[in-house]
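Asker: Sequence:
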Amino acid sequence: MPGDVDADVLVVGGGPVGLAAAIEARLAGLSVLVLEPRPGPVDKACGEGLMPGALDALARLGVDPEGHVLAGIAYVGGSRRVEHRFAGGVGRGVRRTVLHAALAQRALELGVERVPGRATSVRQDAHGVVVGGLRGRHVLACDGLHSTVRRLVGLDQPARRAHGGDRRRFGMRRHFRVAPWGDLVEVHWASHAEAYVTPVSDGLVGVAVLGGARTGLDDTIAELPELAERLAGAQPDGSVRGAGPLRQQSRARTAGRVLLVGDASGYVDALTGEGLRVGFAQAAAAVAHLDDPSGYERAWTRATRDYRVLTSGLVAAATSPARGAILPAAAALPRVFGAIVERLAR
Numbered sequence: 001m002p003g004d005v006d007a008d009v010l011v012v013g014g015g016p017v018g019l020a021a022a023i024e025a026r027l028a029g030l031s032v033l034v035l036e037p038r039p040g041p042v043d044k045a046c047g048e049g050l051m052p053g054a055l056d057a058l059a060r061l062g063v064d065p066e067g068h069v070l071a072g073i074a075y076v077g078g079s080r081r082v083e084h085r086f087a088g089g090v091g092r093g094v095r096r097t098v099l100h101a102a103l104a105q106r107a108l109e110l111g112v113e114r115v116p117g118r119a120t121s122v123r124q125d126a127h128g129v130v131v132g133g134l135r136g137r138h139v140l141a142c143d144g145l146h147s148t149v150r151r152l153v154g155l156d157q158p159a160r161r162a163h164g165g166d167r168r169r170f171g172m173r174r175h176f177r178v179a180p181w182g183d184l185v186e187v188h189w190a191s192h193a194e195a196y197v198t199p200v201s202d203g204l205v206g207v208a209v210l211g212g213a214r215t216g217l218d219d220t221i222a223e224l225p226e227l228a229e230r231l232a233g234a235q236p237d238g239s240v241r242g243a244g245p246l247r248q249q250s251r252a253r254t255a256g257r258v259l260l261v262g263d264a265s266g267y268v269d270a271l272t273g274e275g276l277r278v279g280f281a282q283a284a285a286a287v288a289h290l291d292d293p294s295g296y297e298r299a300w301t302r303a304t305r306d307y308r309v310l311t312s313g314l315v316a317a318a319t320s321p322a323r324g325a326i327l328p329a330a331a332a333l334p335r336v337f338g339a340i341v342e343r344l345a346r
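Numbering-wise, full-length UniProt numbering puts 312 at position 312 of the sequence shown, and it's gapless, one number per residue.
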């Protein structure tokens with residue numbers, strides 16, 4: 001290894017976005033180490049729907065995970081249903097562990113090495129950064145919603161609670177052994193939460209629920225007669241997994257030679273299902289701007305703008321008295337609904 005570093009790029013966090021960042025760096029001809037304590041494919045609470053743009057990003061990295069075709073998005077509630085099918089290609093429902101394994105295999109093929117360990121301190125100088133006993137010329141912090149690196153470098157910014165109560169949102173997910181009944185991601189609107197149904201294989205669907213701290217997955221399903229009927233008698237596959245609070249903020253995306261990528265850089269909500277697509281775009285931008293922090297800040301802003309604006313607006317409506325008007329508005333304005341879906345799917 002040239003110089004006094006173990007690798008050109010040290011990636012902290014070996015989840016999907018971290019592995020995508022490692023692959024991007026290797027494709028750019030850089031040496032890479034991934035600092036990650038967990039040895040195998042890691043499961044987590046997420047909707048598992050890859051939008052067409054996310055699939056395109058994976059294909060560019062040489063990754064093609066198995067899953068179930070996703071042709072669009074449907075909002076469902078009571079007697080109302082509004083759906084939009086993607087105009088520019090299809091997405092794919094992919095179980096989180098399957099996606100993780102596919103990215104890990106591609107990273108291995110390219111010579112990426114995983115080093116077991118955690119980020120307990122960050123020390124940097126003009127030529128490199130030391131994390132977990134490893135020294136890299138640059139560090140990409142891809143360590144998730146509650147990023148340790150973000151806190152250690154002073155970029156953590158606790159989200160403010162909305163006036164009038166705790167509106168923090170949390171997510172839960174469980175798989176059910178049942179044949180998918182369609183090729184759309186269905187978003188079922190309950191009074192207090194949303195349930196996202198994503199087919200991930202011919203005999204398995206994932207159900208993710210987003211809502212407040214007291215939201216329960218089973219209680220939400222029980223409030224949705226159509227979904228409850230679909231799942232009646234279906235055997236759960238695995239336990240309920242949770243995540244949150246979902247909204248996370250950072251003061252900036254860079255601190256010297258440390259760049260925040262993916263959820264570590266800030267997160268709004270999972271309501272629009274754009275976390276991975278946006279995370280992959282950030283990974284590409286970070287590798288392209290390793291020596292240009294201000295350039296990465298600008299690229300990060302461009303890559304996340306639509307997600308932040310549209311998701312923030314929808315979450316504000318979903319956590320306000322206007323919540324009940326979201327589905328009727330989507331049904332009354334299908335072209336607007338379709339335009340929003342297309343903007344987020346690309």
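Careful: at least some of the hints might be erroneous.
[Said to hold, decoys possible] Simulated pairs of lysine to aspartate or glutamate, EDC-like, Cα-Cα distance not exceeding 20 Å:
no.	residue 1	residue 2
1	K44	D237
2	K44	E66
3	K44	D218
Derived from the structure by calculation, the hints contain no laboratory data.
Asker: Against this structure, judge whether each hint is valid.
Answerer: Evaluation of the provided hints:
A distance of roughly 14 Å separates the Cα atoms of K44 and D237; the hinted pair therefore holds under the 20 Å criterion. Note on K44 and E66: the hinted pairing holds, with a Cα-Cα distance of about 18 Å set against a maximum of 20 Å. Restraint check for K44 and D218: the C-alpha separation of about 18 Å stays at or below 20 Å, so the hint holds.
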